[in-house]
Structures are given as C-alpha cells and as structure tokens.
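Residue numbers (numbering that gives the first Met the number 0), protein chains in the order written: chain Y, 0 to 200; chain U, 0 to 715; chain V, 0 to 324.
Possibly wrong hints are sitting among the right ones.
Pairs of lysine-lysine, BS3-like flavour, derived with a Cα cap of 25 Å [unchecked claim]:
| # | chain 1 | residue 1 | chain 2 | residue 2 |
| --- | --- | --- | --- | --- |
| 1 | V | 7 | Y | 54 |
| 2 | U | 374 | U | 359 |
| 3 | Y | 43 | V | 7 |
| 4 | Y | 45 | V | 13 |
| 5 | Y | 43 | V | 55 |
| 6 | V | 76 | Y | 47 |
| 7 | V | 36 | V | 55 |
| 8 | Y | 43 | V | 36 |
| 9 | Y | 54 | U | 77 |
| 10 | Y | 114 | V | 36 |
| 11 | Y | 192 | V | 55 |
| 12 | Y | 47 | V | 55 |
| 13 | Y | 54 | Y | 43 |
| 14 | V | 37 | Y | 45 |
| 15 | Y | 43 | V | 37 |
It is worth saying that the hints were derived from the structure and are not from the lab.
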Amino acid sequence: MDGRNLYSRRFFLKTAGFFSALAAIPSSVKSLYYDARRLIIPAKQKSKLNLIINKTSHKLEVDTRTTLLDLLREDLHLTGTKKGCDHGQCGACTVHINGERQLSCLTLAVTLPGKEVTTIEGLANGEELHPMQAAFIECDGFQCGYCTPGQIMSAIGCVNEGHTGSVAEIKEFMSGNLCRCGAYNGIVESIQKVAHETVHI
Amino acid sequence: MSVVKGRVEGIAKVTGAGKYAAEHRLDNMCHAVFAGSTVTAGTIESIYLENARQVAGVIEIVTHLNKLTVPGLADDAKIKESRFGLPLFHTDKIYFRNQPIAMVIAETLEDATYAASLIEATYKETPAKVDFAKEHPRVPLQSAGKERGTLSAWENAPFIVDEEYNIPAEIHNPMEMHATIAHWLAADKLLLYDKNQGVVNVQRTYARLYNIPQENIEVNSEFVGGGFGSGLRVWCNSLGAIMAAQQVKRPVKLVLTRPQMFSLTGYRPAAWQKVKIGANKEGKFTGILHQGKNASSVYEEFRDGITGITRMVYNFDNLKTEQSIVPLNLGTPTWMRGPGEVTGAFALECAVDEMSYQLKMDPVELRLKNIALDKDPENGRPYSTNFLDEGIRKGADMINWKERQQQPGALTEGDWKIGYGMAVGMWGAGRGTASAGIEMGKDGIITIKTAMTDIGTGTGTAMQNMTHTFTGMPVSNIKVALGHSTLPAAGSQGGSTGLSSISGAVAAVCKALKEKLAAYAGLKDADITLSDKGITGNGKFISYAELWQNNNLTAIQVEASSSPGEERKQYAFCVSTAHFVKVRVNIKTGKVKLERIVCVADGGTIVNEKPAANQISGGIVGGIGMALMEEQLADTVQGNLIGNDLAGYHFAVNADAPVIEVAFINKPDPHVNPSGAKGLGEVGIIGFAPAVANAIYNATGKRLRDLPITPDKILS
Amino acid sequence: MKPFTFSKSDKISKALSGKNDTVHFLAGGTNMVDLMKKNLASPDALIDVTSVLSDKIERQDNGIRIGAVVRNSTLGKHELILSKFPLIAKSVLAGASPQIRNMASTAGNLLQRTRCPYFYDTSTPCNKRKPGTGCSAWNGNQRMSAIVGYNEQCVAVHPSDLCVALVALDATVNVMDKKLKPVRIPFDMFHRLPGNTPELDNNLPANAIITSIDIPDNSFHRHYAYVKLRDRDSYAFALVSVAAALQIEDGRIKAARLASGGVAHKPWRWHQAEQFLVGKEATTANFSAAADLVSKEVAPLAGNAFKKVMLRGAVETALQNCLTA
C-alpha cells in the first residue's frame, strides 16, 4: 500500500466517526466506501409522443430511454415483437418503420413521431393472414416460434426489396434473422413461395 | 382465420398472439434485473448500493445480506441437499464472473437496468481456473462403464488410430432468453409464467425449496422459445423472480440479458477426448479405448455422457471407456442437444474415418462392416428396429457418394478443394411416464391435454395427429392444450423422449374416450370410430347430440397415463442418422462452404413429416455451428467470457446452411410405444460435425481434430 | 442506460450550438443506442440530427457527394453508386444486416466504435473505454485484434466495411465545426491509430458534425472486388477484409487500389502493393507478388498469426475477383 492510501485511511477513520464501526473490516472495503463515487443520479426524462402503430394512433408519455421494442412489449402489450438480444445482433425484434424492415431494439421511441410502425400484429387483415404468415405455416418455417415474427417482417422486406432472385440471395438477405431451431429450410421455402405468387406485398 | 395446413399452434406463432413467459400481463408488476460479479473467484467484501438506490423507481435491492432466506437454501447442508446449483444470494462466495451479486427491483425495466449498472462491490479475490486446456491434464480418468474384453487383446492390431480431439464450450442460446414472472398469490401459493422444458420439474423444485405443496405452484409454459436442454434444469433466473416477488409483495418479471444467458443457464462443456481404435486387415474393429473429460463448475459436478455412443454404435468386443470432470470457475454446464453423444460422436466418427484412410477402405463400407445392427452391444438385447445400414446406403446414394475420391485433395476447382464426408449418429430412444386427458363437448370438439411443453418440436401437432389416428376424429375438431401444470402431468421435454412418452398417453386416453363413448351408446366392447358428427360402432351411427341427450351429459372428461413396460427388458431401442456432406474449401482464404448436406434419419414411424424433417435439419444447422464456428472462450488471465453475446458468439445464420436434404426410413418400431414413432430432437445434430471434419479432410488432406474448424485452422 | 434529454434539431446551426462533450448527436442509432445500453456512452442529452443533414447522393463536378444521413441500404442500391462506384455498394452490403443497413447512416458508419470484446466488457480493463486502465487484449484473446498500426495501448480494429472502400477510393469527409466552419478531411486522415490516445477513434474536431462524404470520379467501376472473411457467412465482423479496384487498359493495370478492414485501428491502405501493380499485367503471378508485399507490411500478435496468411489469400482472391466482377 502506498503512502497516499495510508494517509487516506487515517484521514478517513479520523474524520468519519460514523465509519469507525468499520475498523474491523479489511482495508479494501473501507477504501471502497471512501473511493466509491457518490454520483449525482440524473432524473428520468419523459417525452410526450404521438405514435402511429399498426395504423392506430397512440398518445404516450415515454421515458426517453425506452426503445420501440420495450415500448411495444412492456407498455403497449404488443408482445408479438420479440427480444432475442436487445443489441441488434439477432433480428427477432424486426418491425417495419415507414414500410421498411428495421430493428426496434435499436430505435428509441422518441425518434418515431411522424413515422409509421407496423408490427407482426398489424399484418393480418382481420381473420385473413398475410400471405407470408400463411406461407410460414404451410412451409413449416419455424419451430419454437420465437424468432418467427421477426423472420416474417424481414421476409416481407426481402420480397419487397427484390432480393429473391436465388436461394443464395434469399439466404444472404435473411441472415440478419437468427433462428436457433435452424428452421432455415422452411423460411427460404416460404419466401420463395410468396415471391413466386406476388409482385408486391 | 383462413384455413392453412400446418402446426396446431401455427397461427398463434405467425401472428404474434402466442404468449411466451415474459409476455403475460399482471397488474402491479415490476421488473427485476441482476447485477453481476466483476471478479471470477473470491468472496464479496462489500456492496455499494447508494447510487443505485437514488434511481427513481427503485423499489428494493436484494443482496446476500438482506435477502429473505429460501428455506431450502437456509444453510450449507440444505444447499447441498437441494441440488439446486447456484445458491443465489445465499452465499458471499463468487464462483464465476457475472454471477449475480445483487438484484434491483424497480417500477420499469429502464429503471432497474440503469440502477443495476450503478452497483459496485469489493471482493477478496482468489485465483480462478478457467482454462480447460491447462487444467484437464491434472485430472485423472476414472472408469466409465463395464470394460469388455481386454486392452491387451488388440494392442498388436495391424491398424491403429490413436488421436486426441477437442471441443470448446458451446452455448444453447435459445432465441427466447430465460424469463420468469413470479406472483405469490398467498404465503404458500405461487403462480409462475416461466420458460422451461418441464413444468412439473419447476413445480417440484420450488415446492422443495419453499416447503409448500407442489399443487400450490402453478406453472404456465404454454409457449417456449427454444430450449435445446437449457430448460431442463431450473436456474437462478426463476428463483430470482420468486425471491423478488416475495420481497416486494408484487408480481415480478425477470428476463435474463443475453450475456447472462452465457453464464447462468448452462452450456455444452468443453471436452478433451482420446480415442484409440484397432482394426484387422479386413477392416473389422478389434477394440477401442475412449477417454473423455469435460469441464464443470467449482460448485457442482456435471458429467457429460461422452463415451456412451462408443458403447452402442459399433461391435467392439474389446472396449474400455473412461471419463472425468474438470472443475472450473464458470457457471455449471448442462445437457445440450444430443448431450454427451454429440461430443463423443465427434471423436469416435472422426477416428473411424481416420481408420478408413489407413485401411484404404471406403468409410461407408467400413461402417457397414462394423455397426451393431442386431443387438445393442451394451446389454445384448436385440434392437427392436435399427435401420442404420439402410440409412447409410440411402444417404450415399442421395449425395452421389461415388463421385467421392478416396485420395484426399483430388477434386479441385481453382482455389477450391472439394470433398465428401460422412458420419453417423445414434441416440437411445427413451420413453417416460406421461399422462394425457381429453375433454369433449356435445359439439364434437375434443381437446387433448398434457402438462408437457412444446419447445418447438411439434409435440402438440403430433398429439393432434395421433388423436386423429387413434379415434378417427377429423383434425379440425381436435384442439390441443399443453405446457401448463394444471393439465395431466408429464415429464420434461428432453432427450428426445417427449413424443415417445406422450404417444403412449395419447393412445391410452383415446382408448379411454372411445370406451366411455361406447358405454354411453350401449355399444360396450365395440371398437368405435369418431367423426365430427358422432360415433360409429357395430355398424351403427349415433350422433353426439343424441348421445349427450340420452345420457344427460355436459362434458366428457377422461384421463389416462402410460409408462414403458416389459418391452424395455426385451428390446433395445434407438434412433439413428446417416450424415453426408459435400464441402468446398478455399485454400487461400480458409473459407469452408457446405455445398450439400444429406441426412437419412430413422425415427420409426414419422407422425408428421414436415415438423420431423424440420427437427432433423434444425439439428444439422446446430451441427453446422458446432463444426465451423461455435466456441465460447474465457479470458485465461481475467476469467471473463470473451464476446458473450450474439455478435461475439457465432452460430449459423441462414447463409451458412444450404437447403438441407432430409429423408426418413419411416418404418414403425413395433415395440417402442403404440405409435411406433420415436423422438428426433437429438439425433439430427449427433454425428454431423464429424461428417464435416471428415469432408474437409477428404477435400484438403488436413485432419482437424479441434472444433470449431474456423478459417484460421484451414490455413494453419 | 443513463437518463438523458432528447431533442430533434431542425437546423444544423442549432444542432451545433447545442453540442458539447456530454451531448451526443443521434442519426441511425445502430451504434449509439447500443453503446448507451452498454453504458459505453452516457450522454446527458441526445440531439436527433436526421432532419438537418442531407440524405441525398448527388452528382458533382468531379465526383459524387453522399449526404451524412444517406442510409447504408441506399448506398447498396443507388443507381449512381452501382454504375460509377460499385465497390461502395459491394462493401456496404458485406456489413451488418438488411435491417441495420436500413437504419444506419453514412456518417454513423464512419463514427462506429470498435467491436473489441474487451471494449464491450466493462468488467475488464480497456484503454479505449477507460484510458490508463490497460489493454486486456494485449495479453488476452486476439482473434479480432489488429496486425498493423497497433501498440500495447490498444490493439482494437475499426469494424467498418464501407470505410475500407471509402479509403480505397480517396474519399473526403466534409465536416462542419462548432463555429459552423466547413472543414475537409481526407479519408485516410480521418481515422486515427491508437498512439497514446487510444480513446480517440478519429480526428473529427471536438463537437463538429460530419455533413457529407465526397468521392472523386474514377475508372474502377469495371474491375473491383470486396472480399470479407469472417467466422460465418454473413452478419459478422471481418477477421480480414480487402477492397480491391483496378483500372485495366490493354491488359495492363493503369491504376490500382487496395485497402483492408479488420487489420488496424483504422481502415488501411496498401500503398506499396498498389504502386507495384501499376504498369504491370493483370496476371495471377503479379497478384501473388502484390499479396506478398501486403503480407510483409503486417506484424501479427501472438494470438492472430493466422491473419497474415488469411490477408495474403484475401488480397490475391480480391485481385483475381476484379477480373471477373
């Protein structure tokens, strides 16, 4: 232990009567109490927002830190959008923002006013499934189903972007959606089926 | 909803309507987040919570100093007796990096996460062991199973392969992170929404830990976002939620972060193996020595059944297997898809391939010459069915095996070397006790029920199909309810036993239903058939409306259970795969491209072809990861896991896999259970990694015995 | 994540006047939000600048100008890029995933921070994250570490693919500083080597903003390649990547560009090999010799010796692929 620390400890013990009870505790503990930064914890910031999700307008007051993913799952109970990593590494949280596939876990809700969000819950037309949803059922493009909403939202993007020219192209443009069950055969087949039957979805 | 043919839960999954554990809504729910240790081994000296406490929305912070003691973890003896594993907040000891040292309970996830990041602690550090390669040579081997014949009988065999093989730790990483919502309804009544592979196991575990009746714990796990074995144990995430809910007297949701999934919910342990095989000039195996060591934690012993596969696939008159475990400062490992067998098959099937080159014999021929088809070499019981030979022949045909050159490195296209490889997988087809129930209304709609979970294997769909087969009722009239502890009890869904176990129960309950309906119809002892309108028996049709009216019925409830029986003493049971791979290897960049993958699987009767093929190709996708990329290392200086997230830990993306070609033998196993079907969850991955390694050898002449085979190893 | 205030700027002058060390700009958010979640960035305030910066790719007298908030996916499909600067599209499509490319901005791509696992693990020392604490990778896992331009302070690499193409094509970064003065920074000078300040990734002046990227016209649209080697086929950061571009006339190389990602703290140009190739015939032998020159420039660490061999193969493959592109 160097001189500074010795001094600190003495100083600490002398001046902080309250801490004298700590005398029996090893020095490293005391140094933590002495060194630990008593931080100034900033207050939570909230923002009033008007968001359009699945063609429905929502008037909300959200924590500036809240991501679209947590807003959907925790506040709006639209739990079809999944959290698989929370850091843009798996694609399970894929939604459409202004019609394009994007990651809701890396999108702060406060950035969304003026944009339109579509989630898996917004795809079906009443009882009528979206063709991609139907294809995923028919081609068995899932097992556990957890990555499935993200896969489907991404698959629709893949078709709309025109990346269905070959199996290899579909696979490359669907590689932002991890599936640990390994249902890639069925996912590719679903996309081929929809791409074959549709021009724009 | 539009009529689409597919899984029974398909619509719930593609619309996002199915609720996974963390997605249930409870009034007044708050959030819990773990803060982890920043050292790898030692003792907590102090925890500084002042900053975290200042965060608005924080309700409580739980540490080992203020937790409400869980009765079953009250002291060291009880902790040991509980076999729970990590005594969460019931110790000041640190066994591994990122072990939870505190838990923040707050109003919102943002508040809890932020506060958890502000917690600091001091530790008395002790030296940590995380380097498996360095530690395992110090641990002696012990016998693992009965020795057959002697080692000396074959030490002078003309052909000997004697090599070492290594696999690193692999992480299950189901896409859904382990999550629990816990709610104490009364002092002795608990409601859980939990991600797991067996609700009864969860009930039992907490009934023991909290000293409350099992039936007082309700566990809902209707939708489970993948398990791969990580949900077969009850881990500290659910205990954390339960403790938190008790502490704040509110429902609490706790979802692990992805990095926490790498430490707190098990993994496939790193393993070292040595395999020595002898063969005579005709290519008949004369003996084998298989040794294996796997990593475990310092607070629990987990033994992976590494050498099991060597005792079952081939005829070895002389056989010795040895194993041991190597304690490290990591979380406890656990069963992961094809546990033990996957690890063992890598060494065994690579060694067999190496032998084929020594013998200058086609590896297909070598295997056909040596596989044990008639009886299980371990216990001498005849296999009920074993079509591995047929699978091998069919697979070779499908991939056009005759294009393969015996001479490694013979097929070249520019910078690409082309090679073919094969290997086999096998798994004992187990069966457990399970119950199922049927509820029927006068509208002719029946619901088939069990507590068993469906983690994505298609259990529910198989139950629906079997119910149709056993009763004749159209599938559209059959609903399925599962994954809930209030439903008829069943074991956990693991080890590929789910389908086999539940099929017996479904058969039994269908029989019970038919008997009951026949009795109501006055057709005692008649074998009746159900339709959507009514029953037919002895040439007579009676509508459900009539039946209900005549007997003054509301709803019919039947329940039955089934267990394996005498057939287990008479026969051995297995499922198998024959894997074939065509690879392209770039000799300049080290890139490996899997051009074709063919697998022929024997799982008895195939109840539902698409989900069954999905199981096999899914296992193979896992095998691609194992063969080429999956590896979780710890920093050998500091003990932290390196890159413990989905960007750092690579498993196969869509682009890594070709369209996988799966075929089935599809012949019933007449003795295993009433459906003749056997589980396929494990066997798809078993033997796949060695098929890749063998193909890479055939392409390049490079024998790579350490997984994963990353580009640097190709270039080395 | 630490609480912060959020505002959306409608004027670049306003955005810049509000900027200081504890206030960060936000565009696509794909890196910034991640860093904030990991407590690697803890701003007091975020200013959304997506409305004040250009999202256009425009023709200029001697090249093109790419607005700061042109998204990565636009770079991958824009007609002007595909016809005149296809190497840009090729490199950007090798990075991240379609969803991330739909969000990520061009400027943000330049400013993304390293993916060194120790930088992300706050329980370990890291000079880039916390200057003076030491470099964990120096004695640790070096699979993703640098093989050139590093020192014992930091062995992290810059993770971008796009930047490899931009440095190869002699781009310029247009910046507006806090006092609204435009500054032009040659791309090669934009990112830094660790030196004694590994916490700094680049030479963007304090509190300045990137407004656009210029790429001068070139004749590399026929013969170009981007080879990225990684631990899986897609959605992974590079172990080693190579951008190659050749201008070939009558079988001879008139101009050559070679750059790499995954090898250094900044996107790295291979000037020696470029000079060697100029005037030579586009043959396998010459490509191989150029690859040798590249591999002579690197000094791998104990834990990533393979990168030297891999880089050599990647350079050769990229040059070869230029002929078939």
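Inset, instruction - Decide if the proposed pair is consistent with the structure: residue 43 of chain Y and residue 37 of chain V, CA atoms, cutoff 25 Å inclusive. - result: Answer holds: residue 43 of chain Y to residue 37 of chain V is near 18 Å, not above 25 Å.
Legend entry - Given pair status - residue 36 of chain V, residue 43 of chain Y, alpha carbons within 25 Å: holds, 15 Å
Legend entry - residue 47 of chain Y paired with residue 55 of chain V [C-alpha distance capped at 25 Å]: violated, 31 Å
Legend entry - 25 Å Cα cutoff - pair residue 76 of chain V, residue 47 of chain Y: violated, 36 Å
Legend entry - Proposed proximity, residue 55 of chain V with residue 43 of chain Y (alpha carbon, max 25 Å): Violated: residue 43 of chain Y and residue 55 of chain V sit about 36 Å apart, past 25 Å.
Legend entry - residue 43 of chain Y paired with residue 7 of chain V [C-alpha distance capped at 25 Å]: holds, 18 Å
Inset, instruction - Sort out whether residue 359 of chain U lies within 25 Å of residue 374 of chain U, counting only the CA atoms. - result: Distance of about 28 Å is beyond 25 Å: violated.
Inset, instruction - Below or equal to 25 Å on CA atoms is what counts here, so check residue 192 of chain Y against residue 55 of chain V. - result: violated, 35 Å
Inset, instruction - Would you check the hint for residue 114 of chain Y and residue 36 of chain V, treating anything up to 25 Å between C-alpha atoms as holding? - result: Judged against 25 Å, a Cα distance of about 23 Å means the pair holds.
Inset, instruction - Verify the proposed pairing of residue 45 of chain Y with residue 13 of chain V, using a straight-line Cα cut of 25 Å. - result: Distance of about 22 Å is within 25 Å: holds.
Inset, instruction - Below or equal to 25 Å on CA atoms is what counts here, so check residue 54 of chain Y against residue 43 of chain Y. - result: violated, 29 Å
Inset, instruction - Mind checking the alpha carbons of residue 37 of chain V and residue 45 of chain Y for me, to see if they're no more than 25 Å apart? - result: Holds. Residue 37 of chain V to residue 45 of chain Y sits at ~21 Å (cutoff 25 Å).
The structure does not agree with the numbered hints 2, 5, 6, 7, 9, 11, 12 and 13 stated previously, though it agrees with the rest.
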